[in-house]
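Q: Starting from the known structure of chain A, fit chains B and C onto it as the hints suggest.
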Amino acid sequence: MLDQIHLLAAVTVLGVLEQGYFFLQVIYARRAFGISPPKISGPPEFERIFRAQVNSSEYFPIFLALLWQAGLFFHQGLAAALGLLYLYARYCYFMGYRASSSERLTPIYFSSGVLWILIAASALGILHFFLSHYVGLNILQLLRA
Amino acid sequence: MLDQIHLLAAVTVLGVLEQGYFFLQVIYARRAFGISPPKISGPPEFERIFRAQVNSSEYFPIFLALLWQAGLFFHQGLAAALGLLYLYARYCYFMGYRASSSERLTPIYFSSGVLWILIAASALGILHFFLSHYVGLNILQLLRA
Amino acid sequence: MLDQIHLLAAVTVLGVLEQGYFFLQVIYARRAFGISPPKISGPPEFERIFRAQVNSSEYFPIFLALLWQAGLFFHQGLAAALGLLYLYARYCYFMGYRASSSERLTPIYFSSGVLWILIAASALGILHFFLSHYVGLNILQLLRA
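Protein chains in written order, with full-length UniProt numbering: chain A, 1 to 145; chain B, 1 to 145; chain C, 1 to 145.
None of these hints come from the bench; they were simulated from the model.
It is possible that part of the hints are untrue.
With a straight-line cut-off of 16 Å between C-alpha atoms, the simulated EDC-like cross-links for lysine to aspartate or glutamate are [stated by the list, open to error]:
#	chain 1	residue 1	chain 2	residue 2
1	A	Lys39	C	Glu47
2	B	Lys39	A	Glu47
3	A	Lys39	C	Glu45
4	B	Lys39	A	Glu45
Simulated coverage check for chain A against chain C, where a stretch passes if three residues somewhere in it have a Cβ under 8 Å from a Cβ of chain C [as the list claims (entries may be wrong)]:
#	region
5	8-15
6	27-36
7	72-78
Every residue gets a Cβ at the ideal spot worked out from N, C-alpha and C, and that includes glycine.
So here's chain A without its partners, still in its complex pose (with noise of 0.2 Å):
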């Protein structure tokens, strides 16, 4: 069973590791522009970076989410090389939001472009397994007819 699931588990610890990342560099802003806990207003610079990192906070159970049900569904490595380049245009948005408010745009696009791609996955997959489940009918059999 793990041998399905392997690839799927190492984005999402690879992610964990991110959103960790992203913590850090708010403690480290609380601290560089003296703002501590529980305010959470401050200067631009300070709550763009508090920002980033709780708009990636919102996304990341959506992200895992869809990650898996696109790799149990559709296909593992697929999902897997979609969910790296999910983090890394995390990671892009996250450096250009800190920089300036319209420097996120670029990346935040491109991550939900990402997810869309993940979303479509999910469905045709778990689309794929409720045709064949409860129809019998087999897509992939027929295209290969």
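A: The following block gives chains B and C in isolation, referenced to the frame of chain A:
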């Protein structure tokens, strides 16, 4: 194996699409009220939409965790049906909160109720597994006898 | 299959109950301090409780991701025990933060330590699987020889 999780996977992807819809509404509200990131405060109309998205994001991992435990340990079909009910309640919550703070209350109570049923189903299913696995006690067989 | 995840499932449901408890504390604090949604700012006492819940929510998907990878690829019992330790540390963090900002520090360091052990267990377990799956190298057998 996939036939034990395909309904859960389908509800998970639907849930992701709903979260995506909520994120889009915040983007539209930012444009409509002229509130650029990283700012998160503004007129109550904007803050209600923003908080509705944040609250839904905070509950999303909790929802997924319960959906999957209830589906794996109690009954997949029932868990998936409760999952659809939860997603519907979340949609009503978002639309209600957008209109006024008080209109979020009925759907949030309803969605909490659905989560409590998922918690009960998960706990019962896991307890049943523990009893049959460690004590050799099969409750369902006892009830049938 | 379920006997490989039942301890992880039990800790997951306990974690959800803890998150529910934190959400309730914010609702009680909103009433006590008269801060109606969508407002999120108020006296430091309220903001500490609010931020304690937000921080716990942001870490919840990270915790679950690590709990399950460590449990599937390293050792279910150890992962579940570390999971209980994490949930206890989170409870101390919430209670500490409610009292004062500085009292959140010891438990947050402790909970981070537990997460790092879960990361190490996950990474080791996945690495072990990669080596035995792709290279045919069984580290455990080597250590025993």
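Q: Quick one: see if chain C covers the region 8-15 of chain A, three-plus residues with Cβ-Cβ under 8 Å.
A: holds (count 5)
Q: Are 3 or more residues of the region 72-78 of chain A near chain C, judged by a Cβ distance of less than 8 Å?
A: violated (count 0)
Q: Does Glu47(A) sit within 16 Å of Lys39(B), going by the straight-line distance between their CA atoms?
A: Between Lys39(B) and Glu47(A) the Cα gap is close to 8 Å, so the pair holds against 16 Å.
Q: Would the pair Lys39(A) and Glu45(C) pass a check requiring their Cα atoms to be no farther apart than 16 Å?
A: 12 Å, holds
Q: Residue count check for the region 27-36 of chain A against chain C: does it reach three with CB-CB under 8 Å?
A: It is violated, with 1 qualifying residues against the three required.
Q: CA of Lys39(B) to CA of Glu45(A), is that 16 Å or under?
A: This hinted pair holds, its Cα atoms lying about 12 Å apart.
Q: Taking only the CA atoms, is the gap from Lys39(A) to Glu47(C) under or equal to 16 Å?
A: 8 Å, holds
Comparing the model with each numbered hint stated earlier shows that hints 6, 7 do not hold.
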